[in-house]
Amino acid sequence: MFRSLILAALLASGAAAGFAQTPARSSSAKTIVPAGDFNTAKNFEDLLTALRSLDAHGLNPAHYRLAELEDMTQPSRQREQVARQSWMLAASHMLSGKLNPLSVEPDWTAKRRSADIAAQLDLALATGTIAESLDALAPKQSGYAALKSAYTKARMEMTAWTKISAGPTMKLGQSDARIRDLQTRLDILASGIFDDATEAAVQRFQREQGLDDDGIVGAATLVALNRGGAEQLDALRVNLERWRWLPDDLGRRHVRVNIAGFSVTTWQDAQPVRTYLGIVGQRYRKTPVFSDEIEYAVLNPWWETPRSLTVRDKIPAFRRDPSSVKRLGFQILDGSGRVVDPDTIDWNTATAANFPYRIRQAPGELNALGEVKIIFPNKHNVYLHDTPTRGLFAKQQRAFSSGCIRTQDPIDLTKWLLAETPEWPVERVDSVLASKKEARANLAVKVPVHILYFTVVAEEGVVRYLDDIYERDAAVLAGLRATK
0 MFRSLILAAL
10 LASGAAAGFA
20 QTPARSSSAK
30 TIVPAGDFNT
40 AKNFEDLLTA
50 LRSLDAHGLN
60 PAHYRLAELE
70 DMTQPSRQRE
80 QVARQSWMLA
90 ASHMLSGKLN
100 PLSVEPDWTA
110 KRRSADIAAQ
120 LDLALATGTI
130 AESLDALAPK
140 QSGYAALKSA
150 YTKARMEMTA
160 WTKISAGPTM
170 KLGQSDARIR
180 DLQTRLDILA
190 SGIFDDATEA
200 AVQRFQREQG
210 LDDDGIVGAA
220 TLVALNRGGA
230 EQLDALRVNL
240 ERWRWLPDDL
250 GRRHVRVNIA
260 GFSVTTWQDA
270 QPVRTYLGIV
280 GQRYRKTPVF
290 SDEIEYAVLN
300 PWWETPRSLT
310 VRDKIPAFRR
320 DPSSVKRLGF
330 QILDGSGRVV
340 DPDTIDWNTA
350 TAANFPYRIR
360 QAPGELNALG
370 EVKIIFPNKH
380 NVYLHDTPTR
390 GLFAKQQRAF
400 SSGCIRTQDP
410 IDLTKWLLAE
420 TPEWPVERVD
430 SVLASKKEAR
440 ANLAVKVPVH
450 ILYFTVVAEE
460 GVVRYLDDIY
470 ERDAAVLAGL
480 RATK
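Here the sequence shown stands for residues 0 to 483, numbered as in numbering that gives the first Met the number 0.
Keep in mind that a hint or two might mislead.
Unchecked claim - Listed below are the simulated BS3-like cross-link pairs for lysine-lysine, each with C-alpha atoms no more than 25 Å apart in a straight line:
#	residue 1	residue 2
1	Lys378	Lys110
2	Lys378	Lys285
3	Lys394	Lys170
4	Lys139	Lys110
5	Lys436	Lys325
6	Lys435	Lys325
7	Lys162	Lys152
8	Lys285	Lys394
9	Lys152	Lys170
10	Lys110	Lys445
11	Lys394	Lys147
12	Lys445	Lys378
13	Lys325	Lys139
Said to hold, decoys possible - Quick list of simulated restraints, FRET-style, between CB atoms:
#	residue 1	residue 2	range
14	Gly127	Ala393	54 to 60 Å
15	Ala66	Lys152	48 to 54 Å
16	Glu459	Ile215	22 to 28 Å
17	Lys325	Gly166	23 to 29 Å
18	Thr72	Gly166	53 to 59 Å
The hints are simulated quantities; they were obtained by calculation from the structure and are not laboratory data. Since the model is a prediction, treat every value here as computed from it, not as a measurement. Note that beta-carbon positions come from the ideal geometry of N, C-alpha and C, so glycine has one too.
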């Protein structure tokens, strides 16, 4: 209702519709808005309602001077000033987040939502819609709405959690008091015996939480089981904030990578098309969080080994086994691009300081990039690619790469990306792949890619709490708890 009122008012006044930046006001061309302020009883009470509603979005109303305003029972110039300042601050946080994403994600590049919130305030005061005005600034993404609903539900259902004490791994056939606590936590008959029903309940819980569904309660499963109501609320608050950093429009056709979920999902017209399993950077070689545009794919790629990996990985590996250079299809090139016989190199004395060569790996089954790499040029040299070690996709926790995102079935992903590129039909992709020769396929229309970090996701009606593999939630939560 509020959005329609705002839209109508904006159109009537000749301003731009939606949340686009409105033109600056000038003496020669002013937007005519009926007068309104917070010293009218209705607008002031509606402001208090709007500020209290922030709690449903994981923001603390106390940070917006709610208690101070509640004590200002009489109209005054000071009340008007405090009310406007509080609304403006709350509106800016609802629009684009309480935290600057760069403070916790230094590589952030996604565009943030913007609006002339001063004009929004004038319109809300004039149309008597202050009560709904802050809610109306929330992200329109379905993911945000799902987490907000989960947050509301978690607050309503928050009860004393059945904690399971630390101890040895629990599995089928065992019996003790901890298993009784486990069964209570899983809401099944608490017999104290780890029977088939208990194993099935543990496996179901593990699948929901993105863990290996082996039916065994080890350290990772125990942590997830003991994640109580307060921890869930904190995780939801953190991820609602991450949604507020994103634009409403991520792209008609786009790709989302969730690092914490080890997933790569294609989206079209605001609907998910397919989710692929992904492998992301190890904890000491983290995949960065940023947005970019996919420009092309390389079929049957050579792997130009980055200098950092040459120094860290390849020189030590070739020192241990010099024959692996040729066996794995690597070439050594000098500064002029000429191929150097690897047998002429003394790998025992090779170091970062005295190794002037480039290393690359030929296309083939052993190539580190597999059959395809998907490129969105960026300073991190991060991209999506295939992998010859496909067995790693069977793992639930998949932080194994050096920063790039390895993708299950990348050929299918590549064909989807090229679907709007007439010169690269599916048949041509298959033919080039079969040739085993490198070829570049430029996309006719660039496809946005968003590499994100969400530790709570809602998928098909199920809310999943994921491991904070890079330990990034604490910094966001601290920012949300800070009074300024």
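Out of the numbered hints, which ones does the structure contradict?
Hints 9, 11, 13, 15 and 17 contradicted; others consistent.
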